[in-house]
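*Asks:* The listed protein sequences derive, respectively, from chains A and B. By the UniProt record's numbering, the letter at position 60 of the first sequence is numbered 60, and the numbering carries on one by one without gaps. By the UniProt record's numbering, the letter at position 50 of the second sequence is numbered 50, and the numbering carries on one by one without gaps.
By construction, these hints were calculated from the structure, which means they are not laboratory data. Incorrect hints may have been included.
Unchecked claim - Straight-line distance between alpha carbons at most 20 Å, and here's what the computed EDC-like set of lysine to aspartate or glutamate pairs gives:
| # | chain 1 | residue 1 | chain 2 | residue 2 |
| --- | --- | --- | --- | --- |
| 1 | B | K102 | A | E35 |
| 2 | B | K67 | A | E98 |
| 3 | B | K186 | B | E228 |
| 4 | B | K47 | A | D74 |
| 5 | B | K187 | B | D174 |
| 6 | B | K67 | A | E95 |
| 7 | B | K67 | B | E23 |
| 8 | B | K102 | B | D174 |
| 9 | B | K47 | A | D48 |
| 10 | B | K186 | B | E236 |
| 11 | B | K186 | B | E290 |
| 12 | B | K47 | A | E50 |
| 13 | B | K102 | A | E98 |
| 14 | B | K187 | B | E228 |
| 15 | B | K47 | A | D88 |
| 16 | B | K284 | B | E257 |
| 17 | B | K144 | B | D336 |
| 18 | A | K53 | A | E35 |
| 19 | A | K53 | B | D318 |
| 20 | A | K58 | B | D318 |
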Amino acid sequence: MELRNIEMAARGGGEDCKKEDKLEFRVLHVPLPSEREASIALGSLAPDREPRKGGITKELSALGNVLSVRWTADEARILRVSVGSFLDNLALVLETMEQFGPSVPL
Amino acid sequence: MTVVIGFEGSANKIGVGIVRDGEVLANPRRTYITPPGQGFLPSETSKHHRGVILTVLREALQQAALKPADIDCVAYTKGPGMGAPLVTVAIVARTVAQLWRKPLLGVNHCIGHIEMGRLITHANNPTVLYVSGGNTQVIAYSEKRYRIFGETIDIAVGNCLDRFARCSVQISNDPSPGYNIEQMAKKGSQYVELPYTVKGMDVSFSGILSYIEEVAHKMLGSGQCTAEDLCFSLQETLFAMLVEITERAMAHCSSQEVLIVGGVGCNLRLQEMMRIMCMERGAKVFATDERFCVDNGAMIAQAGWEMFRAGQLTDLADSWITQRYRTDEVEVTWRD
Numbered sequence: 001m002e003l004r005n006i007e008m009a010a011r012g013g014g015e016d017c018k019k020e021d022k023l024e025f026r027v028l029h030v031p032l033p034s035e036r037e038a039s040i041a042l043g044s045l046a047p048d049r050e051p052r053k054g055g056i057t058k059e060l061s062a063l064g065n066v067l068s069v070r071w072t073a074d075e076a077r078i079l080r081v082s083v084g085s086f087l088d089n090l091a092l093v094l095e096t097m098e099q100f101g102p103s104v105p106l
Numbered sequence: 001m002t003v004v005i006g007f008e009g010s011a012n013k014i015g016v017g018i019v020r021d022g023e024v025l026a027n028p029r030r031t032y033i034t035p036p037g038q039g040f041l042p043s044e045t046s047k048h049h050r051g052v053i054l055t056v057l058r059e060a061l062q063q064a065a066l067k068p069a070d071i072d073c074v075a076y077t078k079g080p081g082m083g084a085p086l087v088t089v090a091i092v093a094r095t096v097a098q099l100w101r102k103p104l105l106g107v108n109h110c111i112g113h114i115e116m117g118r119l120i121t122h123a124n125n126p127t128v129l130y131v132s133g134g135n136t137q138v139i140a141y142s143e144k145r146y147r148i149f150g151e152t153i154d155i156a157v158g159n160c161l162d163r164f165a166r167c168s169v170q171i172s173n174d175p176s177p178g179y180n181i182e183q184m185a186k187k188g189s190q191y192v193e194l195p196y197t198v199k200g201m202d203v204s205f206s207g208i209l210s211y212i213e214e215v216a217h218k219m220l221g222s223g224q225c226t227a228e229d230l231c232f233s234l235q236e237t238l239f240a241m242l243v244e245i246t247e248r249a250m251a252h253c254s255s256q257e258v259l260i261v262g263g264v265g266c267n268l269r270l271q272e273m274m275r276i277m278c279m280e281r282g283a284k285v286f287a288t289d290e291r292f293c294v295d296n297g298a299m300i301a302q303a304g305w306e307m308f309r310a311g312q313l314t315d316l317a318d319s320w321i322t323q324r325y326r327t328d329e330v331e332v333t334w335r336d
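Chain A on its own, in the form it takes in the complex (with noise of 0.2 Å):
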């Protein structure tokens, strides 16, 4: 799973950076190697809430072997700390599949 290209895809590519009414929008997806992936990663991502208050909302969704993130933020400071984090632990959760899954042997 290339990191790297995570990170392309959410700087560049999607529906993104919309200025409307000081909100930013980012839309990030992540393609897994399949479904299965897919919705341990959403299971495993989703249950936290943004430590943060106010000025950030994220949603979690997975369609298929695509894991989707949509957030919305008042600032772009709160919107990069967030997506920092969520790729932070993202790679975490790639990492712990990737060692632990099926396919390893223990």
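We have chain A; now place chain B onto it with these hints.
*Replies:* Here is chain B on its own, set in the frame of chain A:
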């Protein structure tokens, strides 16, 4: 036979433990240690945990000589603790629970300490003194809840010790500031009077901390006392306060047993002072060693083992972590 794996990482320790019917099969752990004078911040602590958690998990399975298929339940710390590290650990727990198709259990960190203390010491129904860097509570079990009889009204006793270590004395955080304070205290000879702040059943430490930080700055500078004297004086004061509120709770509950849990519970001077008070009352003190006093994965696994056998489970959607989680919020269905 019930095997539970437990993940713990609410502060600067990251541990994965495996328990099978009261036997600890594995309990590897790593500690994020900062340079002298610095505390550990959430994002950096979380980064540390992310870097080592999968290695520690692998170690746990290897030490226990088990495969994922042998595990019956995946337990993890739901709270309380620091947000970012809690999330890191919960994410791995959720992922392996789904990969291995095992049920998930969110455990209260404080209850993890209590259940491990009960398992190791076989204390029957003790008054529990839970003292760590993040928590200071006096707890007793009553009618399906671990009730908080007394607690700190501001900072934890371990936090007071850790922050004292960070001030002008600059005591090393390796292996932990508290351990180094304990060693230095043995060499102290002069008792410096500090504020003593017991408030009924509760205690307060922030005043003592500000006072000793100022004293350290003044007295060390003028050579009126040594850092060892301050360590000694701080321990004597803090621990006397803890012994007092524990004794008060014992009197209320007519209890003849004390169980000390949490990282500060490793401190032999605290254990000694508690023992003296208990001897005067004809009571017994129970404590564990640093393997189980200090945050570890097996304590989460053990609490998870009790909860799982009592039929408790956590749905994925409800598995969010929380920085605040009162000990008495949990229904202790596994005890009478």
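*Asks:* Taking the hints in turn, state whether each one holds.
*Replies:* To see whether the hints hold, each was checked on the structure:
1. B:K102 <-> A:E35: holds (19 Å)
2. B:K67 <-> A:E98: Between K67 of chain B and E98 of chain A the Cα gap is close to 16 Å, so the pair holds against 20 Å.
3. B:K186 <-> B:E228: holds (8 Å)
4. B:K47 <-> A:D74: Status violated; Cα separation ~26 Å.
5. B:K187 <-> B:D174: holds (19 Å)
6. B:K67 <-> A:E95: The hint holds at about 19 Å.
7. B:K67 <-> B:E23: holds (17 Å)
8. B:K102 <-> B:D174: violated (37 Å)
9. B:K47 <-> A:D48: holds (17 Å)
10. B:K186 <-> B:E236: Measuring from Cα to Cα gives roughly 11 Å; hence the hint holds.
11. B:K186 <-> B:E290: Holds, at about 19 Å.
12. B:K47 <-> A:E50: Holds - the C-alpha atoms of E50 of chain A and K47 of chain B are around 17 Å apart, at most 20 Å.
13. B:K102 <-> A:E98: Answer holds: K102 of chain B to E98 of chain A is near 18 Å, not above 20 Å.
14. B:K187 <-> B:E228: With a Cα-Cα distance of about 6 Å, the restraint between K187 of chain B and E228 of chain B holds, given a limit of 20 Å.
15. B:K47 <-> A:D88: Holds, at roughly 9 Å.
16. B:K284 <-> B:E257: holds (5 Å)
17. B:K144 <-> B:D336: Given pair K144 of chain B, D336 of chain B holds - Cα atoms ~7 Å apart, limit 20 Å.
18. A:K53 <-> A:E35: Violated: K53 of chain A and E35 of chain A sit about 32 Å apart, past 20 Å.
19. A:K53 <-> B:D318: holds (19 Å)
20. A:K58 <-> B:D318: holds (17 Å)
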